[in-house]
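So the chains spell out like this:
There are 2 protein chains.
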Amino acid sequence: MAIVYAVGIGPGETECMTAEALAALKKADVICGYTVYLDLVRPLFPDKEMFSTPMKREIDRCRQALQTAMEGRTVAMVCSGDAGVYGMAGLLLQLQEEYPGTEVEVIAGVTAALSGGAVLGAPLSHDFCVISLSDLLTPWEVIEKRLRCAAEADFALAIYNPRSKKRSDYLQRACDILMEHKAPDTVCGWVRNIGREEEDFRVLTLKQLREEPVDMFTTVFVGNADTRQIGGRMVTPRGYEKRM
Amino acid sequence: MAIVYAVGIGPGETECMTAEALAALKKADVICGYTVYLDLVRPLFPDKEMFSTPMKREIDRCRQALQTAMEGRTVAMVCSGDAGVYGMAGLLLQLQEEYPGTEVEVIAGVTAALSGGAVLGAPLSHDFCVISLSDLLTPWEVIEKRLRCAAEADFALAIYNPRSKKRSDYLQRACDILMEHKAPDTVCGWVRNIGREEEDFRVLTLKQLREEPVDMFTTVFVGNADTRQIGGRMVTPRGYEKRM
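Protein chains in written order, with our numbering: chain L, 1 to 244; chain S, 1 to 244.
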């Protein structure tokens, strides 16, 4: 059976990769993915064949991976974070039927909601939503509706792609929507360059977050009504304190 | 500095643990956690000191971990999945200030939404919510409200603790609420004993899910309006197909 592994490699440094992910990369004859992610795994496999396609050419990349597998070689497609969460696993599975004899195996990884959460403390210890503010593939109206409903139900949130080059006011607009239901002093946080040398984070209020110049390498966290700042960390209680 | 590591060990077999998590367990003088999770890591560290407290005695367990650290020994608290998502990281951070000189470091892990998602295919490739149906620490009204808002905004969902011994109809009630906004033929799935030998899964409709006798070792996935069954897998498109 010709396999394409969709491999979540975690947030950055390879120490955040699972043993299972590392094993899949070892088994692969060819590793493919977005160039930035290939650069992260290349030091581990300097002699392995690798290929990439530019950003926004994800369909081509997946087709090339499946074609390579159909020709008899084992392929690993590396994805930042988890292979499923805004990753390539779904697209590979959608295209796979056009490449008879191939199989897609998904290897989970630590997505930024979790790795960034660990940096901040425990912002997602209760029910939470993950929302991307990128409107490249999703109408902005859908994103707005999801933000509004998430706030109304007092979910904690992890927000991916909080800013893009073209529209610098996404996060401001998101904060305004969230503040229709969430208090301006709701505890929030952001983490930049998770798992890399230049990693940085800040805990702040929702009102402050609205004015924060985050960039595209940042993951944003918004607390629920119980979220607190404790010793500089962001902590969403699960409710054990009711037993204290 | 006296450290307590809050370590997410992933879904089951230790091959789903990150290198960082394994390193923290190695560094620890003492490993603690719920007995079931200790049994998973004991084969790796047969000679290491371990302690546990019964289920529902999480506060005692965290206090004992912090006390042990304050006395100068490095402690690792193991959590199933991620250390933050319904894990012990938050409670440790809440209690930490009572134990001067201690520090809590959170090590992220692959939570069931991701590991179970990988088994099913790619159910969470677009915006999603994670909700626990356990009302031990959360009023059922809050859970209902979150389910309703999640469905209204067409989120995909990962549902933790879909059933407990005391109330066997939680998942039925949740499905009824979701069906106020989601179609009965919405593609859903469940995964049981993720990452263990007896792992099992099924892809089915929301209407079928309502009648499904899931147990407490099961994680449930509910798709959004675009989620499809492809080759027996559950796939939520990210939207790339609009470019095809």
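Simulated from the structure, these hints should not be mistaken for laboratory data.
Each residue gets a CB set at the ideal place from its N, CA and C atoms; glycine is no exception.
Be aware that one or more of the hints could be misleading.
[Stated by the list, open to error] Output of the computed footprint for chain L on chain S, the stretches with three or more beta carbons under 8 Å from beta carbons of chain L:
(1) 18-24
(2) 148-157
(3) 182-192
[Unchecked claim] Computed footprint of chain L on chain S, listed as stretches where at least three residues anywhere in the stretch have a Cβ under 8 Å from a Cβ of chain L:
(4) 126-133
(5) 222-235
Right, here's what the structure says about each hint:
Given as covered by chain L, the stretch 18-24 of chain S passes the check, having 5 residues with a CB less than 8 Å from a CB of that chain where 3 are the minimum. For a cut-off of 8 Å, the count of residues in the stretch 148-157 of chain S with a CB near a CB of chain L stands at 7, and the three-residue condition holds. For the stretch 182-192 of chain S, the stated coverage by chain L is violated: 0 residues have a C-beta nearer than 8 Å to a C-beta of that chain, whereas at least 3 were required. Counting residues of the stretch 126-133 of chain S whose beta carbon lies closer than 8 Å to any beta carbon of chain L gives 7, which meets the minimum of three for the stated coverage.
Only residues whose C-beta sits within less than 8 Å of a C-beta in chain L count toward coverage, and the stretch 222-235 of chain S has 4 of them, enough to reach three; the restraint holds.
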